[in-house]
Amino acid sequence: MTDQELMSDIQRLVIEPADGGATWPSLLWTAPEVIGYINQRQNRFLKETACVTATGILVWPAGLAINDLPSDWIGTVRCVWRRTSIDNAYFTMYQGDDQSLDWGRPGWRSVTGVPLVWSDSEGAAPPRLKIAPTPSVDGEIHLVYVACCDPVDGSGVFLTVPDDYTVALRYGVLADMYGKQGRAFDPVRAAYAESRFVEGVTHARTYLKAGPHG
Amino acid sequence: MAYPSVTRAQLRAALQLRWEEDPFWTDDDANQALNDALRLWSAYTDFWWDSTTATQPANDNFVVTTSPIGVQTRVLLENVALEPTTLSDLDHGQNDWQSVRGTPVLWAPIDYASFVVYPCSATTLTNLIVEGIRETPTLTTDADVVQLGAEEQVAILDYAIHAAAFKRGASFIEATQPHFLRFQQACLLRNAQLGMSRVFQDAALRGQKELRGPNAIEDGQAPS
Numbered sequence: 519m520t521d522q523e524l525m526s527d528i529q530r531l532v533i534e535p536a537d538g539g540a541t542w543p544s545l546l547w548t549a550p551e552v553i554g555y556i557n558q559r560q561n562r563f564l565k566e567t568a569c570v571t572a573t574g575i576l577v578w579p580a581g582l583a584i585n586d587l588p589s590d591w592i593g594t595v596r597c598v599w600r601r602t603s604i605d606n607a608y609f610t611m612y613q614g615d616d617q618s619l620d621w622g623r624p625g626w627r628s629v630t631g632v633p634l635v636w637s638d639s640e641g642a643a644p645p646r647l648k649i650a651p652t653p654s655v656d657g658e659i660h661l662v663y664v665a666c667c668d669p670v671d672g673s674g675v676f677l678t679v680p681d682d683y684t685v686a687l688r689y690g691v692l693a694d695m696y697g698k699q700g701r702a703f704d705p706v707r708a709a710y711a712e713s714r715f716v717e718g719v720t721h722a723r724t725y726l727k728a729g730p731h732g
Numbered sequence: 443m444a445y446p447s448v449t450r451a452q453l454r455a456a457l458q459l460r461w462e463e464d465p466f467w468t469d470d471d472a473n474q475a476l477n478d479a480l481r482l483w484s485a486y487t488d489f490w491w492d493s494t495t496a497t498q499p500a501n502d503n504f505v506v507t508t509s510p511i512g513v514q515t516r517v518l519l520e521n522v523a524l525e526p527t528t529l530s531d532l533d534h535g536q537n538d539w540q541s542v543r544g545t546p547v548l549w550a551p552i553d554y555a556s557f558v559v560y561p562c563s564a565t566t567l568t569n570l571i572v573e574g575i576r577e578t579p580t581l582t583t584d585a586d587v588v589q590l591g592a593e594e595q596v597a598i599l600d601y602a603i604h605a606a607a608f609k610r611g612a613s614f615i616e617a618t619q620p621h622f623l624r625f626q627q628a629c630l631l632r633n634a635q636l637g638m639s640r641v642f643q644d645a646a647l648r649g650q651k652e653l654r655g656p657n658a659i660e661d662g663q664a665p666s
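Chain order of the listed sequences is V and S.
So for the first sequence, the working numbering puts the first residue at 519; every next one is plus one.
So for the second sequence, the working numbering puts the first residue at 443; every next one is plus one.
Please keep in mind that the hints were generated in silico from the structure rather than gathered at the bench.
Owing to the predicted nature of the structure, the values given are computational and were not obtained by experimental measurement.
Simulated pairs of lysine-lysine, DSBU-like, Cα-Cα distance not exceeding 35 Å:
1) S/LYS609 - V/LYS565
2) V/LYS565 - V/LYS698
3) S/LYS609 - V/LYS698
Sequences are here, hints too, so could you generate the full structure?
Right, here's the structure in full:
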């Protein structure tokens with residue numbers, strides 16, 4: 519589904535002419551505003567469900583503890599250390615943080631070896647990945663991560679969220695639209711729409727967590 | 443007898459009978475509500491299945507599926523089903539599993555369009571068969587056909603009524619909640635796995651309660 523199709527669907531539900539999001543004659547919302555809501559909700563859906571992921575490789579020299587994550591990163595799913603300088607072996611890593619290392623591995627800051635724990639820092643700009651212990655040899659970090667969506671701009675860009683979940687995405691956008699303070703404010707419809715967005719997120723997460731089904 | 447199929451025009455006509463041809467809803471509104479219902483029905487019940495071939499690149503565990511499969515549910519190699527597992531189990535069960543080479547025996551989903559196989563082949567495998575949920579058929583013209591039995595059509599119409607009510611505000615959303623509930627219960631009957639979700643647990647409980655009828659104790663109205 520494209521962004522224009524989604525915006526036409528939204529326009530029909532908020533009683534605007536369905537023209538692919540080009541005009542909003544009620545003046546309750548503007549096109550850039552709705553496009554912004556779509557991008558935010560897409561990223562939120564992707565991050566919360568990890569239903570669409572990307573892979574990446576970070577080249578990691580010996581002695582380095584912190585490295586920049588890919589520029590489109592919004593969440594880490596899996597991190598594996600590959601010891602490319604010796605035998606190309608892969609080592610499973612676990613998500614953790616400084617505190618868990620302080621408790622579980624006293625003195626870890628001065629130890630080098632095979633990286634075992636990773637943590638990502640969302641607040642940092644750019645977002646960074648920290649690993650411990652610091653690698654003693656050169657290697658690579660193989661990432662499976664959630665990338666931010668292809669930004670929509672109302673020009674017919676395909677949505678990143680899978681088609682079957684565009685219904686949930688649309689409700690997320692409607693929750694933002696009716697939750698806007700002002701003449702458009704409709705707390706009941708905003709709450710209902712939010713609950714339908716959460717329903718979609720929950721369903722997608724349940725399916726991925728449950729593994730193969732049939 | 444062939445499995446019943448229905449056109450968009452027939453589904454819309456049935457929907458419009460249910461809302462008494464209220465002029466507030468246009469044909470476009472009805473079409474949108476019906477496509478919404480089909481999307482959710484597909485996502486919640488794995489209703490439309492298909493299969494496609496996928497390629498495992500040489501020495502690479504990661505395989506990407508393409509259209510028409512939306513969600514992969516089964517992977518076969520030379521007509522033998524690979525055993526399903528999870529990426530987490532592979533990571534925690536065997537260090538360095540990605541370095542092992544051989545004929546794939548396990549597969550694990552990563553997301554909706556990709557999965558890993560274990561072990562991976564040292565040569566390119568082009569004969570993996572992936573079965574899964576097909577991308578939902580979208581009805582774009584009145585003549586477009588979708589395969590749905592009569593009982594499924596009822597569920598689709600139930601959801602479409604509820605989806606279209608959003609346009610008219612809170613009271614209509616509330617008034618059409620029973621339709622939504624029936625849709626959820628129909629999904630639950632088709633896919634028991636939905637019972638893991640709180641949303642569908644609530645729908646199931648409410649369905650059971652409707653069957654039992656009013657109960658003063660359950661409803662908190664028992665005399666003290």
